[in-house]
Structure formats: structure tokens, C-alpha cells
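Going down the list, the protein sequences come from chains E and Z. Number 93 marks the last residue of the first sequence (this note's numbering); no jumps. Number 1049 marks the last residue of the second sequence (this note's numbering); no jumps.
I should point out that these hints are in silico values taken from the structure, not numbers from a laboratory. Since this is a predicted model, take the numbers as computed values, not measurements. Positions of the beta carbon are idealized from the N, C-alpha and C atoms, including for glycine. Some hints here could point you the wrong way.
Think about it this way: if two alpha-carbon atoms lie no more than 25 Å apart in a straight line, the pair counts; the simulated SDA-like pairs of lysine to any residue are [said to hold, decoys possible]:
#	chain 1	residue 1	chain 2	residue 2
1	Z	LYS756	E	LYS51
2	E	LYS51	Z	THR936
3	Z	LYS756	E	ILE26
4	E	LYS30	Z	THR936
One-sided and incomplete, this derived list gives chain Z residues near chain E with beta-carbon spacing under 10 Å [as the list claims (entries may be wrong)]:
#	residue
5	SER533
6	LEU537
7	GLN789
8	ASP792
9	CYS797
10	LEU962
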Amino acid sequence: MLLIPCPFCGPRAQIEFAYGGQSDIVRPKTPDAASDQEWAEYLFFRDNPKGSHRERWCHRDGCGLWFNLLRDTVTHRIARSSPVDEPRGGNA
Amino acid sequence: MARMPHGGRIDRTQPLSFTFNGRHLRGFAGDTLASALLANDVTLVGRSFKYHRPRGVMAAGVEDPSSLVHLGIGAAGEPNARATQVELYADLVATSQNCWPSLRFDLQSGFDAVHRLIPAGFYYKTFIWPRWSLYEGAIRRSAGLGMAQNLRDPDVYTHQYAHCDVLIVGGGPCGLRAAEVAAARGDRVMLVDDQRELGGSLLWRGAGGIAPDLPATIGALATTSNVQILARTTAVGYYDHNLVVMHQRLTNHLGKAAPNGTPRERLWQVRARRVLVATGATERPLVFPDNDRPGVMLADSVLHYLRRYAVVPGRRAVLFANNDPAYQAVFALADAGVEVAGVVDIRASVSDALAAELARRGIRLFSNSAICATHGRQRVRAVRVGAMPSGPTTTLACDLLLVSGGWAPNVHLFSQSGGKLRFDDAQSCFRPAQSAQAVQCIGAANGLFDSAIALREAATTALAPASADLLQWPSAGAGAPGTGDPLAIQPFWRVPRGLGHGRQWVDFHNDVTVDDIALAARENFVSVEHLKRYTGTGMAPDQGKTSNVNALAILALETGRDIAAVGTTTFRPPVVPVTLGAIAGRHIGGLYRARRLLPAHSRHVSMEAMIADYGGWMRPEAYPLPGESFEEAVRREGLAVRTRIGLFDASSLGKIEVAGPDAERFLDHVLVTRVEGMTVGQIRYFVMAKEQGIVFDDGVVMRLGADRYWVGASSAHAAHVAQTMDEWLQCEWPTWQVTVTDATRQWATLALAGPESRDVLSTAGTDIDLAAERFPHMCFREGLVANMPARVARVSFSGELQYEINVHAGHAVTLWDRLLAAGASEAIQPVGMEAWLGLRLEKGYLVVGIDTDGTTTPDDVGSAAWRKKTANFIGRRSLMRPHALRPDRQKLVGLLGVDPAKRLPVGAHILASPSALPPCATVGRITSSMLSASLGQSVALALLANGRARIGETVTAYFDGQRHMATVVPLPFYDPQGARLNA
Ligand SMILES: [Zn+2]
Chain E
2 MLLIPCPFCG PRAQIEFAYG GQSDIVRPKT PDAASDQEWA EYLFFRDNPK
52 GSHRERWCHR DGCGLWFNLL RDTVTHRIAR SSPVDEPRGG NA
Chain Z
67 MARMPHGGRI DRTQPLSFTF NGRHLRGFAG DTLASALLAN DVTLVGRSFK
117 YHRPRGVMAA GVEDPSSLVH LGIGAAGEPN ARATQVELYA DLVATSQNCW
167 PSLRFDLQSG FDAVHRLIPA GFYYKTFIWP RWSLYEGAIR RSAGLGMAQN
217 LRDPDVYTHQ YAHCDVLIVG GGPCGLRAAE VAAARGDRVM LVDDQRELGG
267 SLLWRGAGGI APDLPATIGA LATTSNVQIL ARTTAVGYYD HNLVVMHQRL
317 TNHLGKAAPN GTPRERLWQV RARRVLVATG ATERPLVFPD NDRPGVMLAD
367 SVLHYLRRYA VVPGRRAVLF ANNDPAYQAV FALADAGVEV AGVVDIRASV
417 SDALAAELAR RGIRLFSNSA ICATHGRQRV RAVRVGAMPS GPTTTLACDL
467 LLVSGGWAPN VHLFSQSGGK LRFDDAQSCF RPAQSAQAVQ CIGAANGLFD
517 SAIALREAAT TALAPASADL LQWPSAGAGA PGTGDPLAIQ PFWRVPRGLG
567 HGRQWVDFHN DVTVDDIALA ARENFVSVEH LKRYTGTGMA PDQGKTSNVN
617 ALAILALETG RDIAAVGTTT FRPPVVPVTL GAIAGRHIGG LYRARRLLPA
667 HSRHVSMEAM IADYGGWMRP EAYPLPGESF EEAVRREGLA VRTRIGLFDA
717 SSLGKIEVAG PDAERFLDHV LVTRVEGMTV GQIRYFVMAK EQGIVFDDGV
767 VMRLGADRYW VGASSAHAAH VAQTMDEWLQ CEWPTWQVTV TDATRQWATL
817 ALAGPESRDV LSTAGTDIDL AAERFPHMCF REGLVANMPA RVARVSFSGE
867 LQYEINVHAG HAVTLWDRLL AAGASEAIQP VGMEAWLGLR LEKGYLVVGI
917 DTDGTTTPDD VGSAAWRKKT ANFIGRRSLM RPHALRPDRQ KLVGLLGVDP
967 AKRLPVGAHI LASPSALPPC ATVGRITSSM LSASLGQSVA LALLANGRAR
1017 IGETVTAYFD GQRHMATVVP LPFYDPQGAR LNA
């Protein structure tokens, strides 16, 4: 069970969190104009990296806030934890 | 005399009586069940898994493969208890498992006589015609362990969580030394050991068996405030980010003297900044013909029994070994007056010092020799010694055979943590190489068998600098394996064919032999993981602690590879079996999961309602009168709503408050339904979808004020709807000024439903103008009801005139009582969920998750108004995909049973062709059904391909061998013009 650093509450056990999948999935601004293919990629297609993965978590049984986590899928090393509305920096 | 007259760490002032297979025996406090059995000269304890071979005690610790017994009787009984881990208590009752009719005479030992017919994997090859399931039951019954009892366990189990700077697993010499230095530095230390007393191998090795400073060391640690010591606690699992799960036995050792209500066991989850694994090493048996007879024991375990329990498990001993340390056991036996018939050593010669020790005791040495056979049925009586490689042989009478093939560091936890192992050729064992978390092995667990070196290394390792990094050992050279003089052993993995012909056992519990491994190799099961699954080696409850290295070494020989190239199987938790009770902890019965109670729950209970779980809410199913059946009650309650009036507790309905300047825009983005244009006081039915276009929930939305809305999500989904709304707000529209607050539990919602409901509400007393023209359907008003502040909504799930009265949750019982009193003259009836769901079915109202599934779109259930919306609501684009527009999509329709008195079965599939025999194509299924009392009809909801175009057709539904004819009709069944709910 991971020890996840909530950017607002500090490190907490994984059971307090909900996983939200890959971060930075951009919702098309004008969905009606998106092709079926573009819409399907937005809905269903995700990276599956062996290594660094930027993903969303929610501290559901804590502050209730969503945030981004940069986690290594092999070692589980968490390199960065940041508020979900923080602009994406060079190191994340 | 199996028990020595003096010595040992037993309390001779506390004799304990116990029974084994009905026989009355005696031991002492401080004994384990195994040591007490050996003290009573009981060598036959159980039967092996497959061939029902006689099995005795082979080891002294958790590694013992076969001494599994059933403890106790009745509800508190426990199967598969390992005798070496059971502390003896007064009046303990133990019985053997996997034998019938008795341990000495086991009828199924006949399997052993036909073993040639049932080698490894026999069931994969033999019992495949016509199908495995015909044989499975009988095979599983004959191959077995203990019987789980089906009575409720009367014991209490609990969980605990902890954090520490350093967790030290194992209280032997290295664990104690590490604890001392870490504690002195100020670290918060947890020191755990699976035995009742700390000391590890110090309890049976060294002068007199006990290091002189042990009590002082333990005493000092126990009184240090930053040290927590847990005895009888086994670290069983190593998980991510240095989380270690531990199993603590609290009262097992007390037997019937255990205090009532005290937890029997505790499961710990410990997050440690650093973990030191000081779990020692396990002695490996040698593999030779007939090596599985009771009386064959690990050399160091014999020393353990002698020194710690003053038990000599035989009268005449032989040692078979390939290393020096094993000799200590026979020297100790000889010094205790036990006859040693000989020492058999694989090696060509032994050191002068060892030879002198042998000579001094008059012990005969057979060097360059192996044991090539053993004799005896239920206990070893003699062994045959053969010079390598092919004879000649000598027979030695003995009733105790000590074996030692080297040592295996207990790397289970280290390996579970992700740590890499390497094979040490000199010591013929797998040792820790590279850590993947902040963990190090120390002492014998690290492959250091020299005490002085190991203790020095333990102290150095414990002083690694503090670090918050849980994934890396914090010192330079992290993960470097400790170094020291190797424990020289001469590898010996099996007796060559030329010297012996008996079966050579590798896994003593699962009955795996050298021949089975050779067979697996011949059949190309050359991966060690395949070998394990094909032969079952290492898959018994002992997880192969004594057999795994031997098995893969033999596989290496059979396949001409190095042991390092064969590798080990994956180490998985738990290291030792854990009771299901400890895993469950308090989460059983009513605490199995959180159950939500309605605010008027106590009133429903006092009215003797039948209560059931609806999506996590405990709600009344029905309120049967005395002598009334459930079906009769449901019918009465439903008809009361249709003809007069009913009272329904709808408090679990979601009440999500959405507020802020952007509330309207937000709701138009999260709901399929249009919210724009609603006036204050207005209510609209809504559907909510997922981004994939699938129906997620439905309900009603009310406009409370200029920028305030109430979203009445369905009971089962309300919490999830609120969370989903919040997720979109935070992640997609973080700048919008909206708050989402789930206020479901702050409000009680009671529904008056039926033609008399306006009069009854008026009688109850309200300042709200109830006149239909000023308070019409799909509107709400705020005011007082029975002198309580209330929000009253005119919505109708029942299809009748209906008022939903929302008050503070604390007023639920009061309001319930007032409304029942106000309706008494109209014969008001409390209505349960079953009748309520029937009323909605007659109206054709769907329940999301029952009448929809993971493919159902808003269009499929008749919500097409979204096409007039412009907002890019969740799921909108998905509703335009070709798949969502297919004409043959399954649509929600009504069915009338052709036989009006026969209920259409829920789950029945609608056949594409009425005459086809299943398996065949189907075009839909029945999702809800009832025999409607008010309609006198068998009615159902169904999802049917292209259903709306098939109105009027007759379809055939198939269920459990029966066909049911039904007519497709439009919805609703009841009051299609809505005159009644608009009344
Ligand atoms: Zn938080």
C-alpha cells in the first residue's frame, strides 16, 4: 500500500485515496466538432508506461481534493505531487 | 527417557495435561505442542497430503512441513495448527488431520502402494475424460488438510496501525543488537519476534543454551521508552512503501484461561522508515532414499529441542550432514548421554578438530558416504550407509536421524519487498543482493553465519543515517551484501541411482520426490514456476521452507543448468499462514461494511417493518400486519396508495446542494437534461450520463433560489453523483464559482402518496397553500409542516398525488408520527420499498442500474430532449457516435404477460426467434416485473432491440427452461395521461 503525499494534507495511506487515471487528458473544447476517432481517443486511449506516469488522485477520505502525482509504475517512487490546477511545470 | 531430568527453558513447577488423538499426555509450561509430543515419545503426528505417508515432527519452528493438527473442538476449533508453533496450555486438545479411520491405520495410505500410477501431474493426464469435474470432488476429499468448521468463531480479532523509524523483524542476537544501537540513537524502534520470548538462536545455542547477557539485554530494551517489543508476532507480508503486515497472537497460548472478550489475535500494519530483517536462516534437509520417515529430523532442531525443552527425541542417533555446524547437535546429544551410532558425511574428510571431538566421544565417522536407505514403518528403525559413489553399505540401528544439508537465509520478507537475491556458491544458498525499498537483512538472514561478524554488521547497519526515502536504504553502498567467512558446505542434492533406489522426498508435505521433479523436467516444465505448479512442490502450507532450494537445485541438475540460472519462485505473502479471523478483524457481521440507517430507523423497527439492504441503506421492505404474508402486505400497501393514502420514508434520496453564480451553467454541463430556464420553485426530472454517454443516474432537480439548486439523485448513487460533480468541478472547470454539497443525511424525506394526501397534509398542519392551481405537480414550496420548517416537493414516483416533505433529519420520527396521526381517519398505511418499487413499475419509471446497464444511453430510456441543448454536457458527444445511433439498440419498453396471472421472470432473455432452442440469439431481457394488483395484469419492463418499433408485437422470453409470452406495449401502464399525479 502506497504512502501518498497529498499536496494539502501530507503523506497518507493509499486507502484514503481514489485513483483517477492518467492526468492531462484534455477534453475537446468543442466536442461536437471532434471526429469520432478524436472523441474515442479522448475517451478510451491511455498511455501505459513502464516508468514515470503522471496520474490523478483524489484524497477522498481526507480533504476531498484532486491532485496530480508523478509516480514510477515500476518502483512506485513518487517524484512529485501537485495541485490539479497547477500549471504543468518543466519537472512534472 | 525423552525428557531430560534437568535443564531447558520449561517451567517444571507448572505441569500441564493435554490430549492428542484422545490420549492423555503431560508437558510443562514453556513447551510447544511439538516438544511436548516428542517428550511423550509421540513421533507419528499426521499424514502427508497426497500419499497419506506417516509424518512426524521434523523441525522446531515455522518451517516444519507436516505437523499440522486440529486444535480444540467445536466452534473455537482451529484446523491446520502447526504443532511447532502451538504453545502448550492446560487441557489442550489436539487431533490429527487427513487420516481415516485413525492416524495409525489410515485406509487412504493405500494411495502410497499405487504411487507409480499417480505421479506428479497425474490428475492433469488421467481425469480428463469426459471431464475433470466428475473426479474433482473425490480427489479433493482424499487429498487434504484439516476441515474448516462451519460454526461461528466465538473469538474476537482486531487490527492495529503503527509507524516507527526502524522495524526490526526477529529478536535473535542480531535483532537485539540492532535494537540496542538504534534505540540508543533515539530512533523509535519496533522489535518483533514470533516466539513467546526473545533471544532467537541464543535460546538453544551457546554455553548452556543461553547467552549470559540475554535477560539483561531484553530487560533494558523493554524499559526503553522509544522501543516497543512485540513477542508472538510474525511479520507475514512486505508491501509497497515499507508497509509490513504482522500477525500477533494475544491469547492463543492461554487456552480456556483466555479472558472473555479480549482479542485473540491482532493484525498490524506498520509503516516503517527502515526495516531490518533479522529472521535468521532455515536448515535444509538432505535428500536421500526414504528420507521422510518419522524420526528423521533437522540437526539444529534436535539441538533446539534438547536445549530449550530438555527433550531428546530418540535413544540412538545418527547424523547425516555436509557441513561442520551440524556436528554440534550430535555432540550435545552424546554429552547428554544419548548413544550416537555414527556420523555420515558427504565430505571426503573433516577437520582435525572435528575428528578429535568425534574421537573423544567415541563416535564413528563414515566420510565420503551417504545414507542410501532407511527402515521402519511409522518410525525410523535403522539406516543403511553407503560409501560414495556405489557402496559398500553398512546398516546402523537408530531411532533418530539428524540431517543437515546447509542453511537457507530467511529472505522471504526481503524478496517480497522487491529485493533481488543472488546465489552464493560457497554456502549454496540464496542471499540478499540489492534492496528495492529501505530494507536490509542482517545476521544469518543476510547469509552471515559467523556470530562475531554478523553482530558487528548488524550494529553498523542499524546506524544508517535517518532518511524519509522509503524506497532506498539510506547509506552509501546500499544493498551491498555483508561479507564474512563463508559457511563451507559441500553441496549434495540427491543420492545417485547407483547407491539407492527408494523414493527421495523433497517436499514432505505435498509428497514431491526427486523422480517427480525429473518427470517434470522431461516433460519440459523447466521454469521453476512451472515446476512448482506441475508438481505442487512448495505449495503446501509451509510454502516449501525446507524444500524449495533442494527442488530447484535438483531441477538444475536435471536440466544441466546452474542453480542461479534456475532461480527461485516468487516469494508471496504471507510468510506463514494467517487466520482468516485476523484478516477480517472487526469487519464481520454487522460491521462487515458501513450500513446507513434512515433517520426514522428506530420507528420502522418499532413498527416491526421487515428491513433490508438497498444499495447500502437499511430500508423497510414492507410492514406486514400480524398474520399477514410479505406478498399480502406489499399488495395492501400498494393498493392503499392507489385508493387512499400511504406514507413512505424516502430519506435516502439524494439531496445535493449546488450553489454559486455558475450553478446553472454547471448543472447544464453535468446533466443531460436542460436546467436553463427553470424558475425558482420549479422541479425538473433529470438524467445524468457518463462521458461515454451511458446513463449514470436520474432524479429531480429543484431550483431553490437565484443561484441555488437541489439535485435529488437516486438513493444508491447520491454519494457517487456528488463526488463525480466535484471531480468535474475541480478538474475540468476549476474557475467556475460553484460549490457542491451532499446534504443527503441532513434531511429527512417523507412522502405522502395517494388521492387523500392533500387532505392529510392539511390536517397535519401547514402554512403552505396546497391548492392545485397554486402548488401544481413538479413544484416545491418552503414553509411549516406540523410546525417544522420544511421543503415540500410535489413530485411523484408513485403516480398518485404526492408530497415529499423534507425536514431536519432530527425531526424524522416526529414528522412520521404526526403524518400517521393526521392520516389515521383515512386509514393511512406505511409503505415499504417493495410496494413502492411496484408503484413506479406501473408508471414505467426506471431504476438506474436495474432497468439500465453499462450500455444504456438516455435515448434508450426515452430521454431525447437533450437534442435541444447547446451546452457541452457530459456524454453529449458520445450520444452522436454511430453506435449510439444504431436503430437496433435496446430500448426500454413495457411488456404485458399473455397470461395475466403469471409473473414474467426478471432476467429472462427475449429470443430473436420464438421457436429457437437455446443457445440462440437473443434481442433483449426483462429487467423488472410484477403482478400488478391495481391493473390485474402481469407487467414488466424490458430492454428490447428496436423496442419502440415493436409495440403491439408478441415476444417470447426464455428463463430456466420455460418460455413466457408477452406483448410489447408503450409506457406507462398506469394513468398514461398523468391525471392522477396532476390532481
Ligand atoms: Zn488531502
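Do the hints match the structure? See the list:
1. Z:LYS756 x E:LYS51: Roughly 29 Å between the alpha carbons, so the hint for LYS756 (chain Z) and LYS51 (chain E) is violated.
2. E:LYS51 x Z:THR936: violated, 41 Å
3. Z:LYS756 x E:ILE26: Measuring from Cα to Cα gives roughly 16 Å; hence the hint holds.
4. E:LYS30 x Z:THR936: holds, 13 Å
5. SER533: violated, 14 Å
6. LEU537: Hint on LEU537 (chain Z): holds, closest Cβ of chain E at ~5 Å, below 10 Å.
7. GLN789: holds, 7 Å
8. ASP792: Holds: closest Cβ of chain E sits about 7 Å from ASP792 (chain Z), inside 10 Å.
9. CYS797: Holds, because the Cβ-Cβ distance from CYS797 (chain Z) to chain E comes to roughly 5 Å (cut-off 10 Å).
10. LEU962: violated, 39 Å
Checked against the numbered hints listed earlier, the structure breaks hints 1, 2, 5, 10; every other hint is satisfied.
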